[in-house]
Amino acid sequence: MIGTVTTRPAVWKSYSTWANRHRKWLFAAPAMIFVGLLIAVPLAWTVYLSLTDAQGSVRAESKFVGISNYLQVFADTERFWPAVLRTFTFTGGAVATEMVLGMGIALLLWRPFKGEKWVRVAILLPLVATPVAVGMMWRLIFDPNIGFANQMLSWFGIPAQPWLSGETTALPTLIFVDVWQWTPMVVLILLAGLTALSEEPDEAARIDGANAWQRFRYITLPLLRSTVVVAIVLRGIDALKTFDILYSTKGKGGGSFHEVETLNVYAFGLSFDYNDYGIASTVLILFFLLIIAIMWIVTFRRKEDRS
Amino acid sequence: MTDTVTNTPAISKDISKRAVPRRRRKSRAYPIFRVAVLTTTVVLFIAPLLWMLVASFKTNVDIYDSGKTFFFTPTLDNYSNVLGRNNYFDFIFNSFWVALWSTVLSLVLGVPAAYAMSRFSMGRSAMVVLMARIIPGVSLLVPWYFIFASMHLVGGFGVLILSHMFVALPLIVYIMMSFFDSMTTELEDAAQVDGLTAIGAFMRVTLPLSAPGLATAGILSFIFSWNNFMFALVLAGANTKTLPVAIFNFVSYASIDWGGLMSASVVVTVPIMVIALFTQKYIVAGLTAGATKG
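So the protein sequences, as listed, match chains E and Z. When we follow our numbering, the leftmost residue of the first sequence carries the number 47, and every step to the right adds one. When we follow our numbering, the leftmost residue of the second sequence carries the number 39, and every step to the right adds one.
The hints are simulated quantities; they were obtained by calculation from the structure and are not laboratory data. Some clues are possibly wrong.
Not the full set, but computed from the structure, chain E residues with beta-carbon under 8 Å of chain Z [unchecked claim]:
hint, residue
1, M78
2, I85
3, L131
4, G282
5, I283
6, L330
7, F333
8, L335
9, A339
Where is the CB? At the ideal position from N, CA and C, for every residue including glycine.
Based on the sequences and whatever the hints tell you, model everything.
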């Protein structure tokens, strides 16, 4: 369209020159304005709401209460701090397991073999499955009375477990579900990193007599370091924000004892199940700061390592 | 390494303890071991999905009967119930419509932005867009709900598409940036020498050459939107309800219709899995974009 510029009127030409000269911002600005508006405005609004006693209807009057919401949340050892702990337990448990399993599977898939294609297809399926459907699927499998999980245990003479409905077993069970769905993601990322590695250092170490564990520990793992960090960061961000499988299996408030209530579920419940917008915004701001802090530490340490 | 996996399913121990030492010995056992572990892995990843599929063909009586775990008379009743009675075709259309438009609009906004950010090394600007990937959705949902509710927009397609774009846009920018980073500028430069303007070269040379990247970004963004639950849970109205929300609403009654629930779950996951099977290459490329750069 612009290639035929010579046949267009002079005005068009000057527009075209202007557009080409400023294409950097012309291209980038719409997306940045879109994201900026959808982040900056809501974030400012959330900060404002966290300083008010807004609740009930969206149009209800609210008054400015200063930092009293923050004091209230910090003093809340019944819902807030347990939710913080659960968020860390869930994220730490899920990401650590996924990294270990993912590394194992990726190493096994590393060297090409027959039937590799089928394994790759198989691990892709959990990854693209709709999380809500995944939640429902495991809900049936882990059902204490009719679920296949307990049926399988009974073959080995192990007593039935409450799984998702138990106060202490629900969170580990959901970590398992998360591991089932997202280990493939770690496998794919690590496999991409492994495939990009040159084989020479590995071969050299092999000739020098290093065993497989030594080669993995001192050659492959250090070379793969940045990929491992990428995998941890990507999975960490998503695991901290996990909502779908928690809410679809346990419903409002993370179950009757709040046994799987992470910060995300807690904030969602405060906002849309109880319409307690002021407190909800406070929890959200704290949650947001927490994520930023973790990301900052991870990326900061990464830069430090490199220099 | 092995210490950390004691709480995980049995397979993890096998992998982490043995896979590596076995190779050292170069014994014949390693290939067999590898096949065995990988087969187990495949079974563990696939079996639950098959279980869902099998249950969707059972009557509720059969689901409750442990004697009929594997042997039963398949029935299509669950599907006809779900698709016939519950306006499921409307929900399928809603999911499709929202995913389609949020993907298209995000591509229009995101691809030029990714191009500029890649070619002009706009690291800080890229951070702004990628922030959207870090921020928890709930923290935006509350103010969005406030703003859009006061504009009487909640329940319409517009708000839903807008919210899904918020997930799709950072994803597309991220994937396309790493795609443009790895693309040489030679052809673009040649096109400019031959008389095209910079924008002309982008439109006529770079974009056509980016087809694989665009496919990757588009497919992934479609899948993420199709699977999205939280935004639709709050922002969708009775007429714009998407499939994940419809499935969630299925269980809000006293007793669960397991057969119906499983067939509804199959209806939402199967289309996305079929897409995934045919576009495997692109999905893997998108999910691992930028992973090897560090």
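Structure-based check of all given hints:
The interface hint given for M78 (chain E) holds, since its Cβ lies 6 Å from the closest Cβ of chain Z, which is under the 8 Å cut-off. With a cut of 8 Å, the hint placing I85 (chain E) at the interface with chain Z holds, because the nearest CB-to-CB distance is about 6 Å. For L131 (chain E), the interface hint is violated, since its Cβ never comes within 8 Å of a Cβ in chain Z; the closest pair sits about 17 Å apart. A distance limit of 8 Å between C-beta atoms decides the matter here; for G282 (chain E) the minimum to chain Z is near 10 Å, and the interface restraint is violated.
Given hint, I283 (chain E) at the interface with chain Z, holds; its Cβ is 6 Å from that chain's nearest Cβ, closer than 8 Å. Taken as an interface hint, L330 (chain E) checks out: its beta carbon lies about 4 Å from the nearest beta carbon of chain Z, inside 8 Å. Using the Cβ-Cβ criterion of 8 Å, the hint placing F333 (chain E) at the interface with chain Z is satisfied: the shortest such distance is roughly 6 Å. A distance limit of 8 Å between C-beta atoms decides the matter here; for L335 (chain E) the minimum to chain Z is near 10 Å, and the interface restraint is violated.
For A339 (chain E), the interface hint is violated, since its Cβ never comes within 8 Å of a Cβ in chain Z; the closest pair sits about 11 Å apart.
In this structure, the earlier hints numbered 3, 4, 8 and 9 are contradicted, and the remaining ones agree with it.
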